[in-house]
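Turn these sequences into a full structure, and let the hints guide you.
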Amino acid sequence: MLGSEIRMARLFEKGRAFVVALDHGLVMGPLKGIENPIEVVAKIAKNGPDALQMTPAMVKLVKENFFTRGSPILIARLDTANVWRQKYKVYNEGYYASIYTVKDAINIGADAVVTYLVVGYGSDTVEGYNLSALASLRKEANDYGIPFIIEPLYVTKDNPDSVKELDLVKYVSRLASEIGADILKVDYTGSKESFRQVVNVAFSPILIRGGPKTNTNEEFLKMLQDALEAGAKGVTVGRNLWQADEPDKLAKAISKVVHENVDIGEALKILK
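Each residue of the sequence shown is one higher than the last, beginning at 1 in our numbering.
Derived from the structure by calculation, the hints contain no laboratory data. Certain hints may be false.
[Claimed, not checked] With beta-carbon atoms standing in for the labels, derived distance ranges:
1) F12 with S123: 31 to 41 Å
2) D167 with E229: 19 to 29 Å
3) G145 with F67: 20 to 30 Å
4) E229 with V201: 17 to 27 Å
5) N215 with S136: 32 to 42 Å
6) V90 with E218: 29 to 39 Å
7) K269 with K14: 18 to 28 Å
8) G15 with D158: 31 to 41 Å
9) K157 with E219: 18 to 28 Å
10) K139 with V201: 22 to 32 Å
11) S98 with K14: 27 to 37 Å
Quick caveat: nothing in here was measured; it's all calculated off a predicted structure. Cβ atoms here follow ideal geometry from the backbone N, Cα and C, with glycine treated the same way.
Quick look at the structure:
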C-alpha cells in the first residue's frame, strides 16, 4: 500500500535505519537506564536515531520528542511475553499477549508497529496463539498502510535472552518472513559469514537486535559494523545505548557507523 511505502521510506530515508528500543519495561520491568524515560529519551532523541521504539503508554511521557519535522519517527510495541523476566520469576509454559492494536499505535502517531514471534515456549499452544495473533495484527497493519515489524526469537529456559545459533536464527527469520513482515528485527549470529546466510533466507530488510549489554563500546560498535557489512539494513539498540555512561555521545557514534560508514576508531573519538 502507498501509506506503508511512504512510512518505510521515512524510516530508511538515509539508506539505513538506526532505531532505539525503549520498550523493555513491558517485558523486563524498570531496567537500569530507563527508570526515568523522560530523561533518557531527551538525551538520545536529538543525537542521530531515525526512530524510537516504545509502547503507546510511554509516548504520553515523552511526546515532545516527536513534535518537529526533524524528530525521530515512532515505532510502537504492540505485545509482550514473559520469557525474559528471570529476575522476577522463571517462566513455566510462557505466555504471549497482544496489548495494543494497530489503531492504538496510529492514534499516538506511530509510523510503524513491532511485534514478537517467540519460538520455543514450553507449550506449543502458546506458540500457536502467538502466530495467530501476528496474522491478525499483520492484516490490521496492512489495512491501515503501516509497516509491520516482526522480532523473531528462539528461546529456552536456560537462556537469559535468546538463542543465536545460526540454524535457529535462520528458521525464525524465515518463519517471520512467511508471516508477512515488512521488516525483521533479528539476532546477530556472531560473524559476518554466518549472518549473510540469515540475510539470504529472509524476504524483508533486517534490523539487527543490539541484544544484552556488551563488555565495551568498541565491541558493541564492531558488532553493529559487521552486521551492516553482512547485509543488515540497520540496527536496533537498547541496553548498550541507554545503559551507557554517556548515551547522547554513544548515539552520535552509532549514527556515524550506520549512516557514514566511519571506522570504529573514528566513532570512538566521539566518546572521549
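Status of each hint after checking the structure:
1. F12 with S123: 31 to 41 Å: Taking Cβ atoms as reference, F12 and S123 lie about 37 Å apart, which means the hint holds.
2. D167 with E229: 19 to 29 Å: holds, 22 Å
3. G145 with F67: 20 to 30 Å: holds, 23 Å
4. E229 with V201: 17 to 27 Å: At 18 Å between Cβs, range holds.
5. N215 with S136: 32 to 42 Å: holds, 41 Å
6. V90 with E218: 29 to 39 Å: holds, 33 Å
7. K269 with K14: 18 to 28 Å: Since K269 and K14 have Cβ atoms about 21 Å apart, the given range 18 to 28 Å holds.
8. G15 with D158: 31 to 41 Å: holds, 39 Å
9. K157 with E219: 18 to 28 Å: holds, 27 Å
10. K139 with V201: 22 to 32 Å: holds, 24 Å
11. S98 with K14: 27 to 37 Å: holds, 32 Å
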